[in-house]
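Undergrad: One-letter residues, chain by chain:
Number of protein chains: 4
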Amino acid sequence: MAKSKFEYVRNFETDDTCLRNCYIVVRLDGRNFHKFTEQHKFTKPNDIRALGLMSRSARSVMEELEDIVIAYGQSDEFSFVFKRTSTWFKRRASKLMTHVASQFSSSYVFYWKEFFGEDQPLLYPPSFDGRVVLYPSNRNLKDYLSWRQADCHVNNLYNTVFWTLVQRGGLTTVQAEERLKGTLAADKNEILFSEFNINYNAESPLLKKGTTLIWEKRDETVTKRMKLPNEEEREVAVTRSRRRVQAHHCDVIGEQFWEEHRDILEDDNC
Amino acid sequence: MAKSKFEYVRNFETDDTCLRNCYIVVRLDGRNFHKFTEQHKFTKPNDIRALGLMSRSARSVMEELEDIVIAYGQSDEFSFVFKRTSTWFKRRASKLMTHVASQFSSSYVFYWKEFFGEDQPLLYPPSFDGRVVLYPSNRNLKDYLSWRQADCHVNNLYNTVFWTLVQRGGLTTVQAEERLKGTLAADKNEILFSEFNINYNAESPLLKKGTTLIWEKRDETVTKRMKLPNEEEREVAVTRSRRRVQAHHCDVIGEQFWEEHRDILEDDNC
Amino acid sequence: MAKSKFEYVRNFETDDTCLRNCYIVVRLDGRNFHKFTEQHKFTKPNDIRALGLMSRSARSVMEELEDIVIAYGQSDEFSFVFKRTSTWFKRRASKLMTHVASQFSSSYVFYWKEFFGEDQPLLYPPSFDGRVVLYPSNRNLKDYLSWRQADCHVNNLYNTVFWTLVQRGGLTTVQAEERLKGTLAADKNEILFSEFNINYNAESPLLKKGTTLIWEKRDETVTKRMKLPNEEEREVAVTRSRRRVQAHHCDVIGEQFWEEHRDILEDDNC
Amino acid sequence: MAKSKFEYVRNFETDDTCLRNCYIVVRLDGRNFHKFTEQHKFTKPNDIRALGLMSRSARSVMEELEDIVIAYGQSDEFSFVFKRTSTWFKRRASKLMTHVASQFSSSYVFYWKEFFGEDQPLLYPPSFDGRVVLYPSNRNLKDYLSWRQADCHVNNLYNTVFWTLVQRGGLTTVQAEERLKGTLAADKNEILFSEFNINYNAESPLLKKGTTLIWEKRDETVTKRMKLPNEEEREVAVTRSRRRVQAHHCDVIGEQFWEEHRDILEDDNC
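One line per chain: the protein sequences are A, B, C and D, in this order.
Under full-length UniProt numbering, read the first sequence as residues 1 to 270, first letter to last.
Under full-length UniProt numbering, read the second sequence as residues 1 to 270, first letter to last.
Under full-length UniProt numbering, read the third sequence as residues 1 to 270, first letter to last.
Under full-length UniProt numbering, read the fourth sequence as residues 1 to 270, first letter to last.
These are calculated hints, taken from the structure and not from any lab test.
Treat each hint with caution, since some may be false.
[Stated by the list, open to error] Below 25 Å or equal to it, Euclidean Cα-Cα: the simulated SDA-like pairs (lysine to any residue) are:
| id | chain 1 | residue 1 | chain 2 | residue 2 |
| --- | --- | --- | --- | --- |
| 1 | D | Lys95 | C | Ser4 |
| 2 | C | Lys95 | D | Asn155 |
| 3 | D | Lys5 | C | His248 |
| 4 | A | Lys113 | B | Val236 |
| 5 | C | Lys90 | A | Glu7 |
| 6 | B | Lys113 | A | Leu228 |
| 7 | B | Lys35 | A | Asn138 |
| 8 | B | Lys35 | B | Glu118 |
| 9 | D | Lys90 | C | His248 |
| 10 | C | Lys95 | D | Glu63 |
| 11 | C | Lys95 | A | Arg92 |
| 12 | D | Lys181 | C | Leu123 |
| 13 | C | Lys181 | C | Trp163 |
Please construct the entire structure, taking both the sequences and the accompanying hints into account.
TA: Written out as structure tokens, the structure is:
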């Protein structure tokens, strides 16, 4: 078969290796999720089931791609950070981002029922688009995550007041939008507190801070059956260290989180 | 909230716009599908259910991304060709390939049961990786598709003889491999014919040629209830043209296919 | 010496291979040439010496880089077109454009005196910046050259009227600018003709059309001293074909030029 | 004029902005300098005039492009380092490297006579090719410069012994090459010392270490004529700080150089 005659087309592929010694961030965003959330009757302003499914899918990505050192998600987006020195897929941007997008999307469908049960079936396959961004320094990377968490805060405060005005205040969505035009964070907090007796600070950290996934080492004790030198068999307790993905809903803008988890980032001057 | 302070990180994103006036090909490949096919007991050498699911997922991608003019798949891979003049996602390579990878993967899980029924549940979410390649001329694009179809032929002939030797000839996989070492296409055809009375040419085109998906216009006649000028209502037959994704299992290496479907490719000198 | 310890830094270099089967255009533009032309007392609106030096330098580039099939220049810019199938420098964009920029710049200084003589010494080393653009089809490439020649025409007509108004009409530069605001090509032709009796169409093609450099084959007859079979020596006339860079100042927007020089461009469907 | 009709070709230009917060290194290498040095009778193993011209041309580049914080050269190559936060040419790689290549090349021809006098005229315009490499950390950048300086050392030691064997030892170039095959640095030092009484360590730092150009601030006292409050005029001595390019021939592999010039590099965690 004239295979070789066509094989020249391989040379049209171009190299997209990510610059060495930079953090590689892959961010996914839900496509047409406004429509998707309506058709699947997501509760407003936040649907806890949907946020759980996002985190579950992100965990599935981290378990497949071990060089991801931290992931951060909120609303219908999730960011995955590959360590500076990662050589996964020879650092080819296209492979990294499509693999993340693919694993996340198939997981989202696969685990749907675990979070939405039988009440709300998945009506059609959803999709996410992705991008790759490189960050050369620890400062840049922390600022990226801070940017996303600040975005989470701004959006969640807005959505919380908006839907409270609609659901409990009886306003139409147009009226609620009008009411909030030009208000600052302090104004929104005040509306919640004085009109609805809601203390925004007491809201769930999951909603205010989003979800941060990191690897954590745990000592596990398992029982193993072992053969002793005298040929006797006995059950022995064995302690071993295992890495697990752990979810946090804490502040990542300040330095405390990074001081408590010094092993996430590598040294800048390497 | 100090949102603006972090926003500078957006500028680290780089532009990956695809060169204008080139066909954009996104190819997906199954990841670790050797293991996946074993764990899900795919029949050898080909699992018709799995090929059907691949095509169904590819159709789902085409219906979401209308600028795809042709798609070609075989085994655990599928290639999608965006028309030269496409401006989807402003031709940004990352968006195009992640969207394709995501839509395909979520569809693969979503439609699994339609093809595998209750007998073979999906055990874990599979993944596909992708890449983007640009082709400047019609010749290059046809040669790309010919390359993939020639690859399909070579692999399918090999796999057909290999698994026939194992399943019907009683050889071990090691023996079958040894037997086929150094054989040419003619030798393999001869083994099939003289030892197992199989005429390879009579095998299913789906297996020999893979699957080509294109858009086809069909005239559909639908019945509509319309109000006449005299306020009377009557049922009227209305003919309208609809685009549908149609599957072919024919040769795309020769010119015939392209002559019969002249609207797929745009003129070179544009 | 600890050479190997540092050699890892080579891996930070990224690949910038130009897409195959596309024309590679390198365009150079003079840097701060407004100031440069004033300090070197270029005649206005055009300095024939300077245009000659630009062409001489461009020829020097073409003679060094034989895969350049056509070059086009006007004012302080020059574009060089590498053939589609060129493999110079493995099609690495950085190598191609820096080599062109370097050869052009050193030639500009080297040949300065040939064009400006002793009257106008070169006061400091000038510089040019460059860029690479790819064109997938013959239509695109011709349109690129047409774009530059249309730009030449528009600028030259404007400059011709502007400097005629200043030099012969006695206007200040501010008055001339004011006078030309909002005028169309026809208006400018009219000013030249009715006020200064200048027929713009009769102006030099060098100025109206710019300079197009292409390779041309010429038969040359040279005399060689050869030894005959009988050991006698005799002078023999030998005809050989030689490629030479030839300058044209003709229209490249219409099809005539391309029909007369069919060997410049390669076939689209290759 | 149908200018707009062609203007679409501008969109084929692609963005090549360098990743933020990385050092941008542009390295130039002489093209076909083996031939060039022979035709211009460069002295072996080093031609002091040629090295002076290289440095003079590099200084010309630094004075034009002020964001270059350090440059390092040896033999027929020179590297220029733009500061991390540079926004010259909007960090467009093509503009940066072609401008450097162009300025360097025109300077090389322009200053030739200053270094080679009337004895050795420049026979033809030489050229240099260039490339861009990004380095995310101070460690990476120092290692890049160390790599070049280690290369300088290795080559210069080899060339020194090689040409001593030829020029003073009477060996042919083939014999000298044979003699040096497989020798280590210590062996080469020993040959120089025991056979020719040359102490390599006492050789000129210019040759052993290459040339490092950095900016240095100097206080200059100039005399200015100033008007006093009582309208009297008087000459006044004014001290002002000026930046000048300064050449060094010292070690840049160890930390001492960097500790003495802390203002060259920016902080990593920025």
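Undergrad: With reference to the structure, classify each hint as holding or not holding.
TA: Now for the hints, and whether the structure bears them out:
{"no.": "1", "hint": "Lys95(D) x Ser4(C)", "result": "violated (32 Å)"}
{"no.": "2", "hint": "Lys95(C) x Asn155(D)", "result": "holds (24 Å)"}
{"no.": "3", "hint": "Lys5(D) x His248(C)", "result": "holds (24 Å)"}
{"no.": "4", "hint": "Lys113(A) x Val236(B)", "result": "violated (44 Å)"}
{"no.": "5", "hint": "Lys90(C) x Glu7(A)", "result": "holds (18 Å)"}
{"no.": "6", "hint": "Lys113(B) x Leu228(A)", "result": "violated (49 Å)"}
{"no.": "7", "hint": "Lys35(B) x Asn138(A)", "result": "violated (38 Å)"}
{"no.": "8", "hint": "Lys35(B) x Glu118(B)", "result": "holds (21 Å)"}
{"no.": "9", "hint": "Lys90(D) x His248(C)", "result": "violated (36 Å)"}
{"no.": "10", "hint": "Lys95(C) x Glu63(D)", "result": "holds (24 Å)"}
{"no.": "11", "hint": "Lys95(C) x Arg92(A)", "result": "holds (23 Å)"}
{"no.": "12", "hint": "Lys181(D) x Leu123(C)", "result": "violated (49 Å)"}
{"no.": "13", "hint": "Lys181(C) x Trp163(C)", "result": "holds (14 Å)"}
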